[in-house]
Amino acid sequence: MFSATNRSTQVKLITYGAFLAFFLFGFADNLKGPTLPALLEELNLSYSSGGTILFGAYLGFLIATLLTGPLSDMAGKKVVIFVACASLFLGIIGYSMSTMFLTLAVAMIVIGLGLGALEVGGNLIIVDLHHRNKGRYLNLLAFFHGLGSMIVPLYAGLLLDAGVSWRRVYQSAILIVLLLFIYFLLVKYPRTEGVANNKFDLRKLGSSAFSREMILYYTVVAVYVAAEIGIGAWLVEFLQQTKSQSVIMSSLFLSLFFGAITVGRLVGSFLVERIGYLKSLLYASIASVVCIAIGTFAPAGLSFFLPLAGLFFSIIFPTTTAVVSDLHQENVGTILGLLFTFAGVGGMFGPWLVGIFSDWFGIQLGFGMILIFCLGVTIIFALLSSSQKNRLFAEERVESFPDA
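Count along the sequence shown from 1, then add 922; that gives the number in our numbering.
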């Protein structure tokens, strides 16, 4: 076991482990998009079938986030990471060896279980260990997800263009899975000051987890993730079919999208605390609508607006997580697990809907569903911002006129 003479050293080591977990999360999650065209061609599957396979990944993600939130409160965060590693190992082996639609879908569900457990485990480690500047650390955590997401499309595209099977490309993620497992096996989790706040309390869960405000947060996360995962899954195919881009160029654009997310999260980790969480979220969602609309429906020369959208997508998920964790002092693991469950719902239905609508109306209008998702995100953040202003105004009036 690594030597850790004080708590601060243990906190650093576990934080680095969370960053590695999110690098794996981004890498494994976004192998789907670059390899999807090769899979569809090899097995002669339709867009709807491809969308249904992707649906399986986020069905597994949803199940994992629903279960691992309470698991983390009861058994600890390291257990969640171990569950993630085991699921990813089994899922990747099964997926990369499958030749039938049903076995591909089942294996993708198992991969989704691992991805969901990484989402919950990584975020809860940061929330548990970093009470100050929570928004900064969550954006830095998401930066590593973006780093893995940025690297993998170009990496996969180069290998596929060189004639490497999509199956071998997928199997390469197993090395990172094993590295993460060994790291957490060796590193000791530090004792935390706020352990009592993270315990599972069913009696108090209902009123805090299902308020009107929380329902809006669940919805906005679901719709946002539908947009991000929809882009990750279908951007390569969209660019090849409607903008006549090559395998390398379309894969590069997907890498640039995640590169923009990565840069945005690094910069955003310093800005969101200054600007304010909800104000930052509203501005970012408006900008994403503009970029997606231009990139999808304007001439091919303006396709660069699609990867540019990643700059504004970048802060939405981690900053929303920071807002929600600030709203609650009890059942934090379970409530964030619920939040990530709704993220799983969005990830499950987003790429599936894009695939269905692409079969019905063509890939361009099908990909246009991303714009609808972004508009929904903007509307909800506008409602939440307005609600926050009204609440702050009411609190100021009470403070100013306590006897009114």
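Think of the hints as simulated: they come from the structure by calculation, not from any bench.
Incorrect hints may have been included.
[Unchecked claim] Using 25 Å as the maximum straight-line C-alpha spacing, the simulated BS3-like pairs for lysine-lysine come out as follows: (1) K1110 - K1000; (2) K1000 - K934; (3) K934 - K1110.
Legend entry - Hinted pair K934 and K1110, Cα distance within 25 Å: holds (11 Å)
Legend entry - 25 Å limit on alpha-carbon distance, applied to hinted pair K1000 and K934: With a Cα-Cα distance of about 15 Å, the restraint between K1000 and K934 holds, given a limit of 25 Å.
Inset, instruction - Starting from K1110, check that the Cα of K1000 is at most 25 Å away, please. - result: holds (9 Å)
In this structure, every one of the numbered hints holds.
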